[in-house]
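S.K.: Please put together the full structure from these sequences, using the hints given.
Same order as they appear, the protein sequences are chains B and Y. According to our numbering, the first sequence is numbered sequentially starting from 1. According to our numbering, the second sequence is numbered sequentially starting from 1.
Hint data in this document are derived by calculation from the structure and do not stem from the laboratory. Any given hint could be a false lead.
Since the list gives no way to pick one copy over another, a pair counts as held whenever it fits inside one copy or between any two copies.
[Said to hold, decoys possible] Once the Cα atoms are required to be at most 25 Å apart in a straight line, the calculated BS3-like pairs of lysine-lysine come out as: (1) Lys-341 / Lys-231; (2) Lys-316 / Lys-335; (3) Lys-53 / Lys-335; (4) Lys-67 / Lys-335; (5) Lys-260 / Lys-341; (6) Lys-260 / Lys-231.
2 protein chains.
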Amino acid sequence: MDRQNAIKQSIEKLKTRRQNQLNVDKIVSGLCDGKISDLSTAITLLESTSADKRSAGLNILDAVMPKTGNARRIGITGVPGVGKSTFIEAFGLELINRDHKIAVLAIDPSSQISKGSILGDKTRMEELSAHPQAYIRPSPAGSVLGGVAARTRETILLCEAAGFDIILVETVGVGQSETMVHSMVDFFLLLMLAGAGDELQGIKRGIMELADQIVINKADGNNVSMAQKAKVTYGRAVHLFPPRDNGWVTAVSTCSALNKNGIEEISDVLNNYFDNLSDSIQNNRQEQNIFWFREAVNDLIQDQILNSKELAGEFKSLEQQVLAGQLSPFGAATKLINVIKHAQ
Amino acid sequence: MDRQNAIKQSIEKLKTRRQNQLNVDKIVSGLCDGKISDLSTAITLLESTSADKRSAGLNILDAVMPKTGNARRIGITGVPGVGKSTFIEAFGLELINRDHKIAVLAIDPSSQISKGSILGDKTRMEELSAHPQAYIRPSPAGSVLGGVAARTRETILLCEAAGFDIILVETVGVGQSETMVHSMVDFFLLLMLAGAGDELQGIKRGIMELADQIVINKADGNNVSMAQKAKVTYGRAVHLFPPRDNGWVTAVSTCSALNKNGIEEISDVLNNYFDNLSDSIQNNRQEQNIFWFREAVNDLIQDQILNSKELAGEFKSLEQQVLAGQLSPFGAATKLINVIKHAQ
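M.R.: Laid out in structure tokens, this is it:
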């Protein structure tokens, strides 16, 4: 009876595996044909916490790798209230006008609390979200920024394989998400408001210097002259920053996303960047890939540690001793590694 | 005969271990009494590639932990040619004048090639290096920046235990070392030259926004008016940067390290910072400790991987496949983790 059950289970497993394989092949081919439903399924598999589904997602990802890499990857950040959704609506439609297919992704580690701010944004991106040449996907859930960012990076690749040739990655503009998004895009656009200073509260220091383009939004109504002034000021400031190896000087412009003014000029800057700096963009992507590989190794090992009852306790306890100044960070790390070796 | 030899060897090992223990105790007590020879020995042990010596070094470090944390940790960076050594000579002597004990450390991942640039610097820090209240230690050797930086961080702690109450950490001002040093200090000072722009070539972007103080050096001779102009320009620019949580606004000043002009004012800024922001400094140190603990865990695990013949080959091969676009960084990392699990 036991033996019969075991055989039955084996057969079930084999069936499931074959079924999954068939599904994977079907999803890969649909995704490469640009079928949105298959793209969404693949993303959901990669975001899954079930090991089997995640593994199927990775198989899909590796299968479509030859079709990736052909999009312009653009990061868009700015403090809450700067008008990111309105800007992405206007900017995205302009890019579609220029015959691009646009995917809009988000990195928001708080989205599991706020139930996905970009879902709310969808209503603020009414025209774009309804457009057949646009695909809007909310931020993956997760409280660990590294994990959220890694899933977004995978989603970029899937969207590229599905034929989207411009990927916009939006960040919430607080905490560390800007640094993460900077490490996965070719071009980094910082949205600002005239007046600056306190309006930047929450933006990580160092981000302004990383921006390839600074756009002062809400240059409309009474704000126009203030925005123009801000443009001059920032235009001067960017020349104080250390020069880039590729010679690019941060572009500074104003726009009114609300009135769709200045959006064309921003798209022209983008063309200029991508048309002239392809070598430097390719080098940068190589570095990013190595960075992400190593980060992924670190993340997976940390998962192993935190998922092991024995090691997780040890990790937390050592971290506490480091915080209390009882152990040096290096002594504590060495102790942890010894426990890991011992556990093997 | 074999048995006799084995017993002899055991006895030798025990003797060595006891001897090492005695040495550790002796070094700990000497170091805490401020004996420079013991401090230097402890640093050398920590920097050693021999596992036994390294382990003795870590024992010393953990033993002196209660005596650490009482220094002001200051990072100093700037491009080659900005006059870092001359500045540190003048600044260090001014701080000694104010009754401080100064340790000068360096992070220079190229030092194993150049045989330690700070050793050459010593001759350019003639008065400081001869002063009984100063201790100058060259950069640890190593080609991996993470490793070099980790050893420097450990050395900071040892110097604090030995009674130095100001630690100056110098970087070479190229590549990523500035970010590393920023993550181990309380106060980050950026040395600049008037004219800026191209003079900053090689400085990592984002660093200027991280600076707590920008000092325009070589404000002497014909340079004075240009330095004054630069001061005004940078003074305006720092107000464009995102504000800090602790309210500190980057100080901007000029100096002539050569003529020892403006050095007192820089020390006053330092006092102002440390006297008024101790809560924020303590919080920052807690975050740094956790960061270093996790970095150290990652580094040690990576060492394990690269020191295992099987895993190192796998790691390199996967990295190549990522670079060739054959595997996604995440798929490759997952494969590596599976090999590691299998190897256990």
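S.K.: Indicate, hint by hint, whether the structure satisfies it.
M.R.: Hint-by-hint comparison with the structure:
1. Lys-341 / Lys-231: Neither way: Lys-341 and Lys-231 sit 57 Å apart in one copy and 55 Å across, limit 25 Å.
2. Lys-316 / Lys-335: within (12 Å within a copy, 27 Å between copies)
3. Lys-53 / Lys-335: between (35 Å within a copy, 16 Å between copies)
4. Lys-67 / Lys-335: between (44 Å within a copy, 21 Å between copies)
5. Lys-260 / Lys-341: neither (60 Å within a copy, 54 Å between copies)
6. Lys-260 / Lys-231: within (18 Å within a copy, 39 Å between copies)
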